[in-house]
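Each protein sequence line maps, in turn, to chains R and H. Each residue of the first sequence is one higher than the one before, starting from 1 at the first, in our numbering. Each residue of the second sequence is one higher than the one before, starting from 1 at the first, in our numbering.
Hints in this document: simulated from the structure, not taken from any laboratory. Take the hints with a grain of salt, since some may be wrong.
To be verified - In silico negatives: residues of chain H with every beta carbon more than 10 Å from chain R:
1) T7
2) A155
3) A169
Claimed, not checked - Below are the DSS-like pairs computed for lysine-lysine, each with C-alpha atoms no more than 30 Å apart in a straight line:
4) H:K101 with R:K329
5) H:K71 with R:K213
6) R:K369 with R:K249
Said to hold, decoys possible - So the derived list for chain R, only partly shown, Cβ under 8 Å to chain H, looks like this:
7) T136
8) I138
9) K151
10) V165
11) R198
12) S199
13) Y200
14) Q270
15) D323
16) P324
17) S325
18) N328
19) K329
20) A582
Where is the CB? At the ideal position from N, CA and C, for every residue including glycine.
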Amino acid sequence: MTETKMSSGTAQTPIGDTELQAGAEVLLRALKDQGVEVIFGYPGGAVLPIYDAIFQQNAIRHILVRHEQAAVHAAEGYARSTGRVGVVLVTSGPGATNAVTGLVDALMDSIPVVCLTGQVPTHLIGNDAFQEADTTGITRPATKHNYLVKKSEDLARVVHEAFYVARSGRPGPVVIDLPKDILIGKAPYQAPPSAAHRSYRPQTEPDAGQIAKAVALLKSAKRPVIYTGGGVINAGTAASAALAAFVRKTGFPCTSTLMGLGAYPANDPQFLGMLGMHGTYEANLTMHGCDVMLNVGARFDDRVTGRLNAFSPGSHKIHIDIDPSSINKNVPVEVPIVADAGRALQALLAAWDADPTPVDRPAIAAWWKQIDGWRAIQCLRFTQDMTKGAIIKPQYAIQRLYDITRDLGREIFISTEVGQHQMWAAQYFRFDHPNHWMTSGGLGTMGYGLPSAMGVQVAHPDALVIDIAGEASILMNIQEMSTLAQYRLPVKVFILNNQYMGMVRQWQELLHGSRYSESYTAALPDFVKLADSFHGVGLRATSVDQLDDVIREMIALDRPVIADICVDQTENCFPMIPSGAAHNEMILGAEHGGNLQAGGAAGLTDEGLVLV
Amino acid sequence: MPSPIDTTLRSATISVLVENEAGVLARVIGLFSGRGYNIDSLTVAPVEDGRNRSRINIVTSGTEMVIEQIKAQLDRLVPVHRVADLTLEGPHIAREMALIKVIATGNNRAESLRLADAFRARVVDATTESFVFEMTGSTDKLDAFVELMRPLGLAEVSRTGVAAIARGARII
Numbered sequence: 001m002t003e004t005k006m007s008s009g010t011a012q013t014p015i016g017d018t019e020l021q022a023g024a025e026v027l028l029r030a031l032k033d034q035g036v037e038v039i040f041g042y043p044g045g046a047v048l049p050i051y052d053a054i055f056q057q058n059a060i061r062h063i064l065v066r067h068e069q070a071a072v073h074a075a076e077g078y079a080r081s082t083g084r085v086g087v088v089l090v091t092s093g094p095g096a097t098n099a100v101t102g103l104v105d106a107l108m109d110s111i112p113v114v115c116l117t118g119q120v121p122t123h124l125i126g127n128d129a130f131q132e133a134d135t136t137g138i139t140r141p142a143t144k145h146n147y148l149v150k151k152s153e154d155l156a157r158v159v160h161e162a163f164y165v166a167r168s169g170r171p172g173p174v175v176i177d178l179p180k181d182i183l184i185g186k187a188p189y190q191a192p193p194s195a196a197h198r199s200y201r202p203q204t205e206p207d208a209g210q211i212a213k214a215v216a217l218l219k220s221a222k223r224p225v226i227y228t229g230g231g232v233i234n235a236g237t238a239a240s241a242a243l244a245a246f247v248r249k250t251g252f253p254c255t256s257t258l259m260g261l262g263a264y265p266a267n268d269p270q271f272l273g274m275l276g277m278h279g280t281y282e283a284n285l286t287m288h289g290c291d292v293m294l295n296v297g298a299r300f301d302d303r304v305t306g307r308l309n310a311f312s313p314g315s316h317k318i319h320i321d322i323d324p325s326s327i328n329k330n331v332p333v334e335v336p337i338v339a340d341a342g343r344a345l346q347a348l349l350a351a352w353d354a355d356p357t358p359v360d361r362p363a364i365a366a367w368w369k370q371i372d373g374w375r376a377i378q379c380l381r382f383t384q385d386m387t388k389g390a391i392i393k394p395q396y397a398i399q400r401l402y403d404i405t406r407d408l409g410r411e412i413f414i415s416t417e418v419g420q421h422q423m424w425a426a427q428y429f430r431f432d433h434p435n436h437w438m439t440s441g442g443l444g445t446m447g448y449g450l451p452s453a454m455g456v457q458v459a460h461p462d463a464l465v466i467d468i469a470g471e472a473s474i475l476m477n478i479q480e481m482s483t484l485a486q487y488r489l490p491v492k493v494f495i496l497n498n499q500y501m502g503m504v505r506q507w508q509e510l511l512h513g514s515r516y517s518e519s520y521t522a523a524l525p526d527f528v529k530l531a532d533s534f535h536g537v538g539l540r541a542t543s544v545d546q547l548d549d550v551i552r553e554m555i556a557l558d559r560p561v562i563a564d565i566c567v568d569q570t571e572n573c574f575p576m577i578p579s580g581a582a583h584n585e586m587i588l589g590a591e592h593g594g595n596l597q598a599g600g601a602a603g604l605t606d607e608g609l610v611l612v
Numbered sequence: 001m002p003s004p005i006d007t008t009l010r011s012a013t014i015s016v017l018v019e020n021e022a023g024v025l026a027r028v029i030g031l032f033s034g035r036g037y038n039i040d041s042l043t044v045a046p047v048e049d050g051r052n053r054s055r056i057n058i059v060t061s062g063t064e065m066v067i068e069q070i071k072a073q074l075d076r077l078v079p080v081h082r083v084a085d086l087t088l089e090g091p092h093i094a095r096e097m098a099l100i101k102v103i104a105t106g107n108n109r110a111e112s113l114r115l116a117d118a119f120r121a122r123v124v125d126a127t128t129e130s131f132v133f134e135m136t137g138s139t140d141k142l143d144a145f146v147e148l149m150r151p152l153g154l155a156e157v158s159r160t161g162v163a164a165i166a167r168g169a170r171i172i
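Based on the sequences and whatever the hints tell you, model everything.
See the structure below:
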């Protein structure tokens, strides 16, 4: 066999300027050249050659997860908190299929991830071999792009290209399917290419004419709003700085989607809070009543727009997006700008200064007066009974977590699972910096928070990383407590435990006659003992007087902690725009007179009932 | 500005120049099925040997907003070089080829042959009881001929789908 012959020599045979090495070694070399420092993975038969190569080097660290879905979420957390590409390594068949949820999650939220999947050897593909799955077929709609490497000479090129595709344009997950014979056989190495990609060259520079049109429209505005999304975060910290500069220069109000929180400082008076289904009263009414809307890096998602034909009906709209397919998809806009959010904001800043037209200051002042009137309603107000032994309101738990942690002077990252706790975290934890908030927005993946926090903690070993969780979501990837213990990752899991799938229960109460079908979890584990059995620390607060002590103790511990915060089971998340309703048909909580009727909600229609 | 309430449907002939690599057709088809777009016709074949490219011609229909979406979605696929809406970009030629089998004797057989002649279809196979006609033309012309053959003993039809190209010196 040629292979035996080639490996019997003391050195590999050089061919031109390339050197032949085992495919697995070529793969690792390519990863190193791409600046990869950490891989989240799980071994198996098809990827054993890669694990063997990992064993024989120290440049790339491998974090052994307990489930492949968690490997992808961890890579997402790593990517979102660092701005770099997250890397995943899983085996063929079940390894790859388990990763699919994470891949779709990264696709929906535009997170750059490269996922290496093992595959049966090329001669067995299509044979229903052991642990064979049609990985490229299964992941085609789950990724931005995917590759099956069938020839050794393609290996290095494909790896470099995968990183380019994952991080360029609108970022996303890329799968490289690697048959075992390609990993074992000799392959040539190629350095990352310097030439442009042959077909994928996304536009990042904005069109100057469109920027001028946008500035003219914004300067003519009497009731403007700037609506920002995850695209600003993905465009890097400079984009967030440019956004802050532009918002302050214009004096306009600014709101953000769930994905965009942190791009503009939440504590700034020009920030209206999050918009959308559980957004603030002032943000949603500002969107509804504005005359000029500037959307930067958001995609008019259905959680944001509510009923489309009633969405911001009287406004002229400007939309900056790096993905042309996001423009005019749900909402028609007058001034589309295809560009990187950061480049577009820089161009807007320059064009704003260059255009001598003054802003209509009296009109803007009147607009702010109206907005302040909406703010005065204090839509997030709640009442916490402070008597000893009183039950904890979930909103209060998050507010205390925020107040106590902000005074620490430490860098704090928050991840969440999906449900009521996620929305309360978005409403009550105020983010002043980008890349510090990891949540599953588009796909809404329960089980995202713990592995994501794990990835964040790997990237930021000294930071305080907290997963704000619900007791139902946390059980979906609870096995990662074991990974936390193995790598001494002191992630804090802050569970708002109401024993219900809270958001399901809320919808059943509001939309399905309070018939709580299968939303109550009987026989929950004892989370304190569970933490203990996973070599962590378990804490519990059952009444309001215990809350602060539990939070302080949790923060002080340099170990993984589960804090089981037992909260009011009946609490609902407000404000809420029911599906199929408009921004001005918001429901507020009982605190505000509760325009909430038994057995049904205001603004709810049969048409809305079919929506999720 | 396209209006969201504009529900007028139009047909679009879209040509897509793609890298000739494994899975590229599956990506295009998956995009249409996954997002609920119509495919009225689809053809694909390599076209530029030197540069390893294939051309996909798609005939689809939808509202203006949907067709714009289809083009944007196609254009962001990694192996796609170029997307051209031939319907929108100017005059173009769209042709397909069909093989049509008619089984008939007597008057019907004679009539099918006369009509084939009028439509400039070629007889590419004949037995005493059957003909296979080959015909190239617009989709409408092929449809019309097939309908005429139906009462005369139409037995089987095999069509290629539409290949399209812009008129004049324009290229995509």
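For each hint, the structure was consulted:
With a closest Cβ-Cβ approach of about 13 Å to chain R, T7 of chain H is found to remain outside the 10 Å limit, as its non-interface label requires. Listed as outside the interface, A155 of chain H is consistent with that label: its C-beta sits roughly 35 Å from the nearest C-beta of chain R, beyond the 10 Å cut-off. Every C-beta of chain R lies more than 10 Å from that of A169 of chain H, the closest at about 24 Å, which supports listing it as non-interface. At roughly 44 Å between alpha-carbon atoms, K101 of chain H and K329 of chain R are farther apart than 30 Å, so this suggested pair is violated.
Distance check on the hinted pair: K71 of chain H and K213 of chain R sit about 25 Å apart at the alpha-carbon level, within 30 Å; holds. For the proposed pair K369 of chain R and K249 of chain R, the alpha carbon gap of about 19 Å is at most 30 Å, so the pair holds. For T136 of chain R, the suggested interface contact is upheld, since its CB lies about 6 Å from the closest CB of chain H, less than 8 Å. Residue-level restraint check for I138 of chain R is violated (minimum Cβ-Cβ distance to chain H is 11 Å; threshold 8 Å).
Checking K151 of chain R against chain H by beta carbon gives a least distance of about 11 Å; that is not within 8 Å, so the hint is violated. Interface restraint check: V165 of chain R against chain H, minimum CB-CB distance 6 Å, threshold 8 Å, status holds. Among the interface hints, the one on R198 of chain R holds; its C-beta lies about 7 Å from the nearest C-beta in chain H, closer than the 8 Å criterion. The criterion of a C-beta within 8 Å of any C-beta in chain H is met by S199 of chain R, whose closest approach is roughly 5 Å, and the hint holds.
The interface hint given for Y200 of chain R holds, since its Cβ lies 5 Å from the closest Cβ of chain H, which is under the 8 Å cut-off. Proximity of Q270 of chain R to chain H is violated relative to the hint, the smallest CB-CB distance being about 29 Å (cut-off 8 Å). Residue-level restraint check for D323 of chain R holds (minimum Cβ-Cβ distance to chain H is 6 Å; threshold 8 Å). Using the Cβ-Cβ criterion of 8 Å, the hint placing P324 of chain R at the interface with chain H is satisfied: the shortest such distance is roughly 5 Å.
Here the hint on S325 of chain R is kept, as its CB sits about 4 Å from the closest CB of chain H, short of 8 Å. Among the interface hints, the one on N328 of chain R holds; its C-beta lies about 6 Å from the nearest C-beta in chain H, closer than the 8 Å criterion. Nearest Cβ of chain H to the Cβ of K329 of chain R: about 6 Å, under the 8 Å cut. The hint holds. For the restraint placing A582 of chain R at the interface with chain H, the shortest Cβ-Cβ distance is roughly 14 Å, beyond the 8 Å limit, so the hint is violated.
Going down the numbered hints, you'll see the structure goes against 4, 8, 9, 14 and 20, while the others check out.
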